[in-house]
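Visitor: Letter by letter, the chains look like this.
Number of protein chains: 2
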Amino acid sequence: MSKSLLDELRPLFYPESVAIVGVSTSADGAGNRFLQTLKKFGYRGRIYLVHPTATEIEGLKAYPSVRDIPEKVDLVNISAPAPYVPQIIADCVAKGVPAVEIFTAGFREVSEDGRKLELEIKKIAGGNIRIVGPNCFGVYSPGGGLTLLPGANYPKENGNVGIISQSGGWVTDFIWGADAFNMKFSQVVSYGNGVDLNEVSLLEYFAEDPNTTVVAAYLEGINDGDRFRKTVSSLRGIKPVIIWKGGLSETGKRAVNSHTGSLAGNRSVWNAFFKQSGAVQVSSFEELLDTTAIFNYLTPGNYRNLAFMGGGGGIGVAASDMCEGFSFKIPQSTAEIMGEVSELIPPQGTSIKNPFDTGSPRVPAEVLERLMQIVAGWTEIDALIIHRLFFYGLRELMGEHLAEEDARVAAVIKAKQRIDKPLLVVLEELAYGSDKIDIERDRRNVRDALLNAGIYVTPNVYRALRALYNYSEYWKGAGMKRKVS
Amino acid sequence: MSKSLLDELRPLFYPESVAIVGVSTSADGAGNRFLQTLKKFGYRGRIYLVHPTATEIEGLKAYPSVRDIPEKVDLVNISAPAPYVPQIIADCVAKGVPAVEIFTAGFREVSEDGRKLELEIKKIAGGNIRIVGPNCFGVYSPGGGLTLLPGANYPKENGNVGIISQSGGWVTDFIWGADAFNMKFSQVVSYGNGVDLNEVSLLEYFAEDPNTTVVAAYLEGINDGDRFRKTVSSLRGIKPVIIWKGGLSETGKRAVNSHTGSLAGNRSVWNAFFKQSGAVQVSSFEELLDTTAIFNYLTPGNYRNLAFMGGGGGIGVAASDMCEGFSFKIPQSTAEIMGEVSELIPPQGTSIKNPFDTGSPRVPAEVLERLMQIVAGWTEIDALIIHRLFFYGLRELMGEHLAEEDARVAAVIKAKQRIDKPLLVVLEELAYGSDKIDIERDRRNVRDALLNAGIYVTPNVYRALRALYNYSEYWKGAGMKRKVS
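First to last, the protein sequences are chains A and B.
Quick note on numbering: the first sequence equals residues 1 to 485 in my numbering.
Quick note on numbering: the second sequence equals residues 1 to 485 in my numbering.
With the rest of the complex left out, here is chain A (with noise of 0.2 Å):
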């Protein structure tokens, strides 16, 4: 390759002038629908309209084609019917236009013949044109002033992580979903049928691209398998990539055919691609969202033996039980470690064993971050996970004490600075009534600030030791016993 992709893909994703194939007088197409949303986005660049009849729409000029267009076009967004695709890439062809993104439907997922036209535009393309789609929701590139159809609200900061997707459902969910570990992207593409550009190609622009540290995917199919295998492998230990294959199940392939008209592969293939390249495995949206998301926060490592604290004895109970599955150790206090934690807590209603329990998560600030200290400190511990120790509720029911609550998050915060340990704070959603949404805007509050100091936050024990297991497994695939701090 003589031209790097970060050269190449640079019209596709920060493009100085977009042109919008698919609008219509009536307001309400798709196109439009995107020129709305693009400007609200607040993309700089230049916008052309094109439309075989109309000279102006929405206050813009519009273009009869893409070749009219008098000025030099980066970006064509193709959402017009199926059938006129191919005529649109001939023209963007012979505009010399570098890169399209193709929202329409209709091709090799819905028949025979969609199938031949998807090949079609591949061959009027030529290698010319970098092709996103067809049958996709395209590119959010917070850095381009580019957005993806319902994506007028997306943050406009850049970020660290970049998404390869052939959903574009699940995109906007992971994009949404983000704001839960505060997670901003460098690029998120939804590239559906992928005629061109896919998950080879996609993958290997972010392995060289500097602002990106962690890929996270969806995939339904796979184009060229060995290559992809050895990109995902070069980048082992240096930019994790997160996959969840979408497919795997016999019905899984039927319902991948039906949406993005990929091959899903066999599941003894994709076990065997997992191991080989060390991606990480996910199989679910959570999943790839809390996984992903603990590579921003946690430092390399290959944690297993695990503290927990909290305001109760039922959910130590819990904890430990859901630790088997994952095969990790809750070691048992040594009688140094109890007599420590004997001083804080009362005798009774309480444990100074691990896990550990406060007895109720009103434990007082200075004691918090003191426990803190001393069970992280603890040499047979590689993380700490605390939970129920915020309790957010209280703002209902004991008005008078949210000045605790304050200073416990505080407290935490502070502690976490001098642990040189992973630090993970389960912040349940304790509340579902329609009649306490502030006890979830309290608790999103706690969690922002807890992320803000730089502490992994998840809402659940299950979540959050997935997540650990998962970042582990990496770690120790990618050759690191145990974090040597």
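You may find that some hints are simply not true.
Claimed, not checked - Distance condition first, Cα-Cα at most 25 Å in a straight line; then the derived PhoX-like pairs of lysine-lysine: (1) B:LYS40 x B:LYS61; (2) A:LYS353 x B:LYS116; (3) B:LYS40 x A:LYS40.
What the hints assert, rightly or not - Chain A stretches covered by chain B per the calculated footprint, using a threshold of three residues with CB under 8 Å from any CB of chain B: (4) 166–173; (5) 310–317; (6) 323–337; (7) 468–477.
Just so you know, the hints here were simulated from the structure itself, not pulled from any lab data.
C-beta atoms are modelled at their ideal positions from N, C-alpha and C, and glycine is treated no differently.
The hints should help you fit chain B onto chain A, whose structure is shown.
Guide: Relative to the frame of chain A, chain B by itself:
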């Protein structure tokens, strides 16, 4: 038994008077907080306080001991320190008190001395007093005006769910979580170490209680396995019993011992118990909540063949993959069904095959209603799950289309009335940002509207499938092969 448990436990669940032992003059004792909570909750009976020296506390007359209270006392609430409890129980016996709840911790769960103290209490009570606890949160009885410590704002309405729990923390979570399913309670008992009333006697109570139709339990140990198994068995197919057994792992057993001093028992013994008794086994808090709730919404049956309908293709792939783990089937659409569905949705970016993809959540209401009826009318299908059809994000993204959303909710409710198969709605938590709390508020309002129409609503497909699987396994075990409508 000559006297029924309903009569015997009436003073515990519907006390005409409560005495509180463990109030302090400084107003921050556990007893004082219980007093404030009870008043705030609206308990209408007489309240007496007991204090060794004070004659008045918080505006109420205080007596030196329970024996000195001039009138009848139905229930004594004890939070005085452990060493004082035997004498207090002796006073209760002398006074003829029929029921006590002991919040106090520091018994068998902390030491051998604590175990002896607990046995002493039992001996002194001599079978004349029914005891809840020690080391517990006590009783929440909406009908009796009684609540447990953090329960000032619990619902005052009666319901059909009975709870038996060794953990107070999980009980409070359950009561708050029940809002997500519009679930209310007959009685909720956190019984901790269970020196007298325990899983056996409480289940026998619920077996008799006509208000209770479903029983959920969090257990750490068991006292009389045979009797418990027989009671559960006798309720098979009549009152489902859903049990989360804590401490099945080795580390969990250790934690159980520190929590309630229970003997956790072996996994193989518990597996046999579940198999023989017909109790529904669950293994997390969320699973207990979801599974208990589903019994309030579906009609008894064994549902295995599912149809999915949603606004997206990726979600259909994920749903298909998840079905595999639960052995659910997603029958392939017949030509007839495909024909009918294809008349209602666009030919591209959709799927007329099961899992059905409407292409976008923005399906016109009348189309959605019609689609639901077509798919539910299909004979191969036992149950219909709809997902990603409500898009409360619209309020922010496309404000002008909000009326569409309300119409869709109404359409689902209307369709439900004409569908004689289970309908489950997955209402995803879409946005987690602190600045997007309005979306969560909208979501909860849509949820409540659907719940009020008798529709089971859950936040993701996995939880829907797990609950439906547990429900179907229960009815299969109870001898029902398939629902006959």
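Visitor: Next step is simple, just say for each hint if it's right about the structure.
Guide: Outcome of the hint check:
no. : hint                : in the structure
1   : B:LYS40 x B:LYS61   : holds (19 Å)
2   : A:LYS353 x B:LYS116 : holds (22 Å)
3   : B:LYS40 x A:LYS40   : violated (49 Å)
4   : 166–173             : holds (count 6)
5   : 310–317             : holds (count 7)
6   : 323–337             : holds (count 5)
7   : 468–477             : violated (count 0)
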